[in-house]
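S.K.: For the record, the sequence lines run as chains A, B, C, D and E. For the first sequence, position 2 (counting from the first letter as 1) is numbered 432 according to our numbering, and the numbering increases by one without interruption. For the second sequence, position 95 (counting from the first letter as 1) is numbered 525 according to our numbering, and the numbering increases by one without interruption. For the third sequence, position 139 (counting from the first letter as 1) is numbered 569 according to our numbering, and the numbering increases by one without interruption. For the fourth sequence, position 44 (counting from the first letter as 1) is numbered 474 according to our numbering, and the numbering increases by one without interruption. For the fifth sequence, position 338 (counting from the first letter as 1) is numbered 768 according to our numbering, and the numbering increases by one without interruption.
It is possible that some hints are incorrect.
One copy or two, either will do: identical chains are not told apart, so a pair holds if it fits within one copy or between any two.
The list that follows gives simulated cross-link-like pairs (lysine-lysine, DSSO-like), each with its CA atoms no further than 30 Å apart [claimed, not checked]:
1) K686 x K663
2) K508 x K694
3) K455 x K686
4) K508 x K532
5) K686 x K508
6) K462 x K532
7) K508 x K490
8) K675 x K694
9) K726 x K782
10) K488 x K726
11) K490 x K678
12) K663 x K694
13) K508 x K488
14) K726 x K780
15) K657 x K508
16) K488 x K675
17) K508 x K462
18) K758 x K783
Just so you know, the hints here were simulated from the structure itself, not pulled from any lab data.
Each chain is listed here by its residues.
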Amino acid sequence: MAYRFKKSSINKSGLPPGTLVYRGKERQEEVKITVFNYSNDDYLEEQDISLEESLTYKEKAGIKWINIDGLHNIEVVKSLGEAFNIHSLVLEDILDTDHRPKVDCYDEFVYFIIKLFSYDATEEEIDIEQLSIILGDDFVLTFQEKEGDVFDNIRERIRNQSSRLRSSGSDYLAYVLLDVIVDNYFVVLDEIGEGLFLMEEDLLLEPSQDILPDIQQVKRKMIFLEKSVWPLKGILNNLLKGDNKLFKESTTLYLKDVNDHIEKAIDTIQTFRDIINGMMDTYLSNINNKMNEIMKVLTIISTIFIPLTFIAGIYGMNFRYMPELESKLGYPITLIVMSAIVIGMLVYFKKKKWL
Amino acid sequence: MAYRFKKSSINKSGLPPGTLVYRGKERQEEVKITVFNYSNDDYLEEQDISLEESLTYKEKAGIKWINIDGLHNIEVVKSLGEAFNIHSLVLEDILDTDHRPKVDCYDEFVYFIIKLFSYDATEEEIDIEQLSIILGDDFVLTFQEKEGDVFDNIRERIRNQSSRLRSSGSDYLAYVLLDVIVDNYFVVLDEIGEGLFLMEEDLLLEPSQDILPDIQQVKRKMIFLEKSVWPLKGILNNLLKGDNKLFKESTTLYLKDVNDHIEKAIDTIQTFRDIINGMMDTYLSNINNKMNEIMKVLTIISTIFIPLTFIAGIYGMNFRYMPELESKLGYPITLIVMSAIVIGMLVYFKKKKWL
Amino acid sequence: MAYRFKKSSINKSGLPPGTLVYRGKERQEEVKITVFNYSNDDYLEEQDISLEESLTYKEKAGIKWINIDGLHNIEVVKSLGEAFNIHSLVLEDILDTDHRPKVDCYDEFVYFIIKLFSYDATEEEIDIEQLSIILGDDFVLTFQEKEGDVFDNIRERIRNQSSRLRSSGSDYLAYVLLDVIVDNYFVVLDEIGEGLFLMEEDLLLEPSQDILPDIQQVKRKMIFLEKSVWPLKGILNNLLKGDNKLFKESTTLYLKDVNDHIEKAIDTIQTFRDIINGMMDTYLSNINNKMNEIMKVLTIISTIFIPLTFIAGIYGMNFRYMPELESKLGYPITLIVMSAIVIGMLVYFKKKKWL
Amino acid sequence: MAYRFKKSSINKSGLPPGTLVYRGKERQEEVKITVFNYSNDDYLEEQDISLEESLTYKEKAGIKWINIDGLHNIEVVKSLGEAFNIHSLVLEDILDTDHRPKVDCYDEFVYFIIKLFSYDATEEEIDIEQLSIILGDDFVLTFQEKEGDVFDNIRERIRNQSSRLRSSGSDYLAYVLLDVIVDNYFVVLDEIGEGLFLMEEDLLLEPSQDILPDIQQVKRKMIFLEKSVWPLKGILNNLLKGDNKLFKESTTLYLKDVNDHIEKAIDTIQTFRDIINGMMDTYLSNINNKMNEIMKVLTIISTIFIPLTFIAGIYGMNFRYMPELESKLGYPITLIVMSAIVIGMLVYFKKKKWL
Amino acid sequence: MAYRFKKSSINKSGLPPGTLVYRGKERQEEVKITVFNYSNDDYLEEQDISLEESLTYKEKAGIKWINIDGLHNIEVVKSLGEAFNIHSLVLEDILDTDHRPKVDCYDEFVYFIIKLFSYDATEEEIDIEQLSIILGDDFVLTFQEKEGDVFDNIRERIRNQSSRLRSSGSDYLAYVLLDVIVDNYFVVLDEIGEGLFLMEEDLLLEPSQDILPDIQQVKRKMIFLEKSVWPLKGILNNLLKGDNKLFKESTTLYLKDVNDHIEKAIDTIQTFRDIINGMMDTYLSNINNKMNEIMKVLTIISTIFIPLTFIAGIYGMNFRYMPELESKLGYPITLIVMSAIVIGMLVYFKKKKWL
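Construct the complete structure from the given sequences, taking the supplied hints into account.
M.R.: Here it is, written out as structure tokens:
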């Protein structure tokens with residue numbers, strides 16, 4: 431289940447600040463480093479290089495984008511951090527994969543923590559992964575928990591000389607990364623919306639009890655998704671007002687666009703929560719109605735037959751002197767009276783709209 | 431059902447920003463372009479012109495209002511955008527028909543996204559359509575998802591030389607467009623209010639279970655309507671404070687008036703939500719009361735007849751030595767005792783207010 | 431029912447802004463114009479004058495208070511508006527009797543929309559009426575939907591030469607009008623509070639189902655009252671900060687006092703809502719308890735007699751060889767066993783606290 | 431019941447502002463005036479003096495604290511007000527004992543309205559009384575609804591020459607009064623907390639229905655207490671920022687401390703509300719569980735005996751040709767079958783965890 | 431139970447401000463004073479010294495950290511306070527162990543109240559303890575309610591000459607203390623999260639009624655934890671803006687980090703509350719479903735056997751003329767009819783999905 435709190439494997443309390451401790455899931459894969467080094471005219475791409483090689487890019491000309499897949503090798507994060515003069519608190523945050531999304535402005539760089547959603551269609555699970563982006567003057571560092579394909583498209587665009595990315599600065603690259611991540615939110619939200627729609631149809635067709643855990647599960651998902659997006663609300667807009675020198679003026683419009691999308695995602699999540707609450711109401715009401723129906727059946731059967739059984743009981747008594755028993759008409763009259771009671775009851779129930 | 435999330439037909443995630451992708455419903459109708467070109471003395475109106483023709487208006491004197499019905503032809507949006515120097519992010523937003531309402535101020539123009547409500551009386555459905563308005567120095571561009579008649583009245587006023595519209599600038603035209611859209615909210619809200627009133631009367635007269643889906647449906651509608659209006663709250667007022675040079679001072683009073691109407695619409699929507707919640711309470715309470723009544727009938731019938739049946743059972747036993755059975759008074763006394771029990775029970779129920 | 435939304439009789443959408451359309455209830459009475467023209471030394475009072483006459487007061491010296499009862503004659507509002515240079519948007523708002531309360535500052539005047547509550551003791555209904563006050567340099571215009579007596583006391587004070595009103599400016603008159611209206615809120619809220627208290631006592635004495643509609647009704651009233659007062663919160667204080675030249679400094683203290691009263695009214699309304707919610711809880715709990723009691727009676731009767739009836743059934747069987755039936759003690763022993771069962775059951779129920 | 435709204439005995443609507451009308455409970459006691467006049471070296475204390483005497487203190491040197499117990503003699507409030515130049519709106523507020531707490535800064539004085547809680551142990555009632563404090567340059571006026579002992583301790587400190595009060599200004603006296611009142615909140619809240627704790631224990635031991643009115647009652651109390659404290663939140667801090675010349679800088683720290691205590695009181699009240707809501711949940715759940723248990727007993731008894739009774743009924747039929755009736759084993763076999771059914775049922779219920 | 435309000439043993443109301451009264455639990459242990467005196471080159475550590483000794487450190491060079499375990503000896507707090515020039519209101523707050531968390535900036539020192547959570551694994555209880563930190567120019571005073579081991583790690587770091595603590599100022603020591611306390615929140619929250627997870631599994635496996643008090647208990651815990659953290663939100667960030675001269679610029683980054691962790695803790699607590707609410711819903715729904723199931727069993731048994739018993743009753747009547755009784759086929763036909771009814775009922779219940 432992806433929607434539990436990760437219990438930190440290591441109790442960090444009491445360690446000096448800036449002590450680097452990886453707090454995510456344990457992973458076996460090797461940490462993978464990929465580098466793009468590009469300018470308007472030129473571009474270089476290297477997959478799966480060693481830590482030492484990656485450090486050499488610090489001094490190269492052009493825009494450098496170093497992407498790290500996997501955080502469980504603390505040495506990689508530490509060495510890169512030192513090479514690029516990243517504050518140790520930032521490195522600590524990179525490794526704490528359960529951090530709140532945020533944007534921190536330092537003198538030399540801007541640090542983004544943002545959550546990446548991905549939908550695993552086979553397991554019907556949503557995975558929330560933490561992504562750290564460090565935007566420097568001429569470099570962008572990205573740290574992912576595990577390898578993914580969400581940036582493939584951006585890589586393609588870097589390879590294409592005529593793309594705007596090639597002629598823009600590192601701030602534009604950071605923007606494009608944020609944009610892709612936020613656009614991806616809607617892919618996941620679309621999946622959830624589709625699931626909600628199916629669940630609602632189920633609820634109307636066949637109001638079984640089995641749907642409750644599903645509703646609770648999707649409600650829980652929304653809590654986690656909201657927690658992953660909400661803190662970013664308005665934060666990019668503030669970045670613009672703050673007059674950050676790392677963002678060129680031409681890029682600010684784009685940041686505003688990302689901000690719009692984040693607000694749209696939050697809106698969507700909240701509408702989903704409203705819809706889920708409506709489903710809960712419908713579910714509870716269905717259960718109630720079913721109970722009502724059961725009670726009605728019980729009441730109809732009981733109230734029809736209990737008086738009849740009583741009459742039969744009367745004439746089952748063994749008193750010696752019961753004149754009705756001797757009469758030839760006793761039995762048929764009794765049956766007629768019973769039928770009359772049944773008909774009367776049915777009319778009464780009809781009137782009460784129980785039938 | 432109009433109140434589902436539209437699943438984007440195309441996954442945009444990963445495309446370069448500003449890539450134009452139409453995200454609305456698929457439509458077959460042809461995109462229709464209408465142009466009004468007017469000044470104080472003169473006016474020209476052209477229906478259903480070609481894209482090329484429409485572009486020629488850019489350079490003409492006077493106020494130009496170009497209205498586009500249908501967004502599914504991306505080429506139209508793109509060419510117009512280029513001709514009027516509209517930023518590609520704005521064009522992207524125009525095509526994303528699920529965008530939040532907003533107002534963006536650019537140097538050369540102001541961009542409004544606003545939702546248009548329309549009530550389809552035959553299907554008893556509310557349609558929420560997105561409308562983009564671009565206000566430039568001497569032009570207004572409007573982009574609608576589909577053809578509608580909401581602006582017919584404005585067209586009439588442009589044709590009338592003595593109308594204030596003819597002697598005012600493009601900002602006044604933009605205001606009039608916003609005013610008409612927001613006034614239209616109340617037409618739709620009036621319909622919903624009327625529907626709520628009928629639903630409430632139904633609820634009081636005949637508290638059937640069938641009303642729950644209706645309540646949920648109208649509740650859902652309110653969620654979507656609120657989402658379509660809420661983000662505009664206060665935004666026009668901010669526009670005024672922001673000292674935007676496109677709005678003449680004489681127009682600002684009018685913008686404030688539109689803002690008042692938006693707040694009134696939000697108030698109304700929230701009151702509707704309160705009313706709907708009250709209806710839910712009434713409904714649930716009705717269901718509960720009905721259950722109570724059923725239980726009462728069952729209890730009354732059972733508690734009256736079960737003891738009687740027991741007495742009948744006693745005298746149905748086949749013991750050889752039962753003195754009562756031999757007595758001539760056995761049967762009538764038994765009947766009298768039974769009647770006494772019935773009367774006692776009825777008195778008890780009366781006292782308990784169950785009858 | 432006073433707590434429904436008024437369906438606008440006329441669809442205004444599409445009309446030019448400032449088009450005057452009366453949106454209130456249809457009325458037959460004639461519109462009544464009353465004028466007070468007073469200064470420190472002198473005062474003139476005219477009831478029921480014609481529109482033309484009223485317009486002549488514009489140029490007279492002293493403070494002018496023109497009160498209009500009835501808005502359904504658009505011509506009156508329009509002519510007065512033109513004579514006193516009132517903006518057409520204000521005139522439009524005066525006629526829209528469903529407008530939110532607000533205060534708008536124009537250069538030449540201040541425009542207040544405020545709701546007047548009145549309690550109709552015979553119908554036990556609360557009436558919410560809209561009142562527009564326009565405060566100019568030396569005049570005050572008031573527009574009411576229908577004739578009422580809420581201002582009689584103020585009229586008396588104007589007639590009295592020694593009253594502070596006579597020696598103060600138009601701003602003080604405007605304040606006195608606001609003060610009277612807001613003080614009147616508490617008369618109505620007192621009535622409602624009294625009603626709530628009676629309803630609560632009913633609820634405790636006799637928890638019948640009939641009280642639910644009453645609770646819902648008063649809850650609905652509170653929603654409408656809150657909607658009529660809430661938007662004014664803090665608005666008068668803002669007026670003072672805004673350095674409005676129409677309000678003399680000596681009057682600002684009084685405005686603050688009106689603001690205090692508005693906040694107290696809002697507090698009271700919210701406390702009433704809390705109390706009503708508590709009543710709903712009590713009501714639902716009462717219903718639940720009653721159900722419980724019914725179930726208890728059913729269960730006690732059933733669980734006592736069902737086993738007894740079974741025993742009687744046993745000895746009502748017609749097997750040829752049933753030794754108990756032949757025994758002389760069969761019948762009395764059976765009766766003793768039955769009594770023992772009854773006593774056992776009663777002890778059990780006592781222990782369970784069901785009796 | 432102390433938690434009802436006081437219905438104003440007199441309808442003030444329409445009276446000129448500043449008209450003094452007492453709006454509290456009717457009282458018979460005489461209004462009591464007490465004066466302390468102290469400086470560093472000297473102090474004078476007079477109990478129960480006449481109004482005329484009290485007015486003479488205005489001109490005396492040293493700090494003057496005039497305390498009035500009882501507001502129902504309007505003349506006293508009016509004369510004092512005139513002597514000390516208090517604005518008539520303030521006098522009006524003093525007499526309106528249902529006013530919201532507030533702090534108003536005038537040029538010559540600061541006016542505090544604050545609520546005093548007191549716990550009446552014999553009646554187990556909380557009394558909320560309004561207290562007005564007027565802080566002037568060298569005087570403090572306090573107005574209480576009725577005589578109380580909450581300030582006795584302060585009086586003792588004034589009498590003691592070495593106390594800080596004697597060497598400080600009137601602002602410090604005002605602070606000490608506020609501090610005592612707010613400290614008193616916690617005495618009352620402690621009582622309520624103790625009551626809540628007992629109520630919770632009751633709820634766990636014996637979940638009877640009688641506890642609901644108690645829960646509702648204490649909930650209501652919290653609403654009124656919150657209403658009496660909440661408006662003061664942050665208001666004293668604002669006073670400090672506002673650079674009020676009546677408060678010496680050395681006193682501001684103390685005001686901040688009072689503010690801290692007010693926030694703590696609000697916190698406590700809100701925690702109490704959360705606890706009460708939890709108790710409501712527990713109560714409702716208890717009621718539900720009891721219902722469940724009743725249903726279980728009914729179901730177990732019914733489902734065991736109804737089939738048995740049916741079997742007995744079969745062999746009670748009078749068909750001439752029923753082979754089982756003739757068999758010697760008929761009766762014992764029937765009894766064995768019945769026992770088997772009982773055992774089967776019990777096993778089934780055991781498995782279902784109903785036993 | 432740790433989650434009750436402490437009833438102050440002493441009624442402080444009416445005492446002069448700054449009167450020192452210990453308001454925590456009564457304790458028997460002796461108050462323990464520990465001192466660390468360190469600079470870059472040197473360090474001195476003394477455990478369990480007398481009050482007099484501790485006071486001598488005031489004048490020593492280097493950073494002084496004096497930690498007091500136990501507040502019930504008022505003399506210790508008072509003497510230290512006087513020696514270090516701490517305002518008496520601060521000393522009062524130190525002793526009020528139920529104070530809200532806060533940060534107060536004085537000219538000479540900064541005063542932090544922060545809550546320390548600790549998890550007692552044996553009793554499965556969370557303990558909330560108040561901790562006061564006073565940061566001066568070259569000293570840090572910490573006041574704990576009882577001895578604990580949360581700072582052991584920091585002590586170790588002070589002993590280590592190469593640690594950053596040794597080369598930094600008192601502000602860095604204060605930060606490290608805050609950091610350790612806040613990091614500790616997550617240890618406790620992890621425990622709670624683990625407990626929630628187990629509780630949820632229980633809830634799914636075996637929805638017994640016994641879980642409700644546990645849910646209520648953990649809900650209560652969350653209320654208290656939230657109350658203990660919430661007031662700190664954003665307060666450290668404000669500290670930075672306030673340009674406090676006691677915090678060196680290099681330390682501000684670290685304070686921001688502590689602030690991040692506090693916000694994360696608040697987020698986590700709120701998510702826990704959402705999860706607990708979901709558990710309540712599940713629990714209530716489970717109880718409802720169980721009731722439903724019981725009703726179903728009752729209804730099935732009753733509706734099957736009541737008609738059968740009636741038929742048996744018919745033929746148990748003693749009418750002389752009942753032709754069926756004479757027929758040889760009477761009995762078998764009756765049995766067949768009964769079987770048909772049973773089968774019909776079962777089919778009906780199958781269709782209704784009750785079986």
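S.K.: Provide an ascending list of the numbers of those earlier hints which the structure does not satisfy.
M.R.: Checked against the structure, the hints that fail are numbers 10 and 18, while the rest are satisfied.
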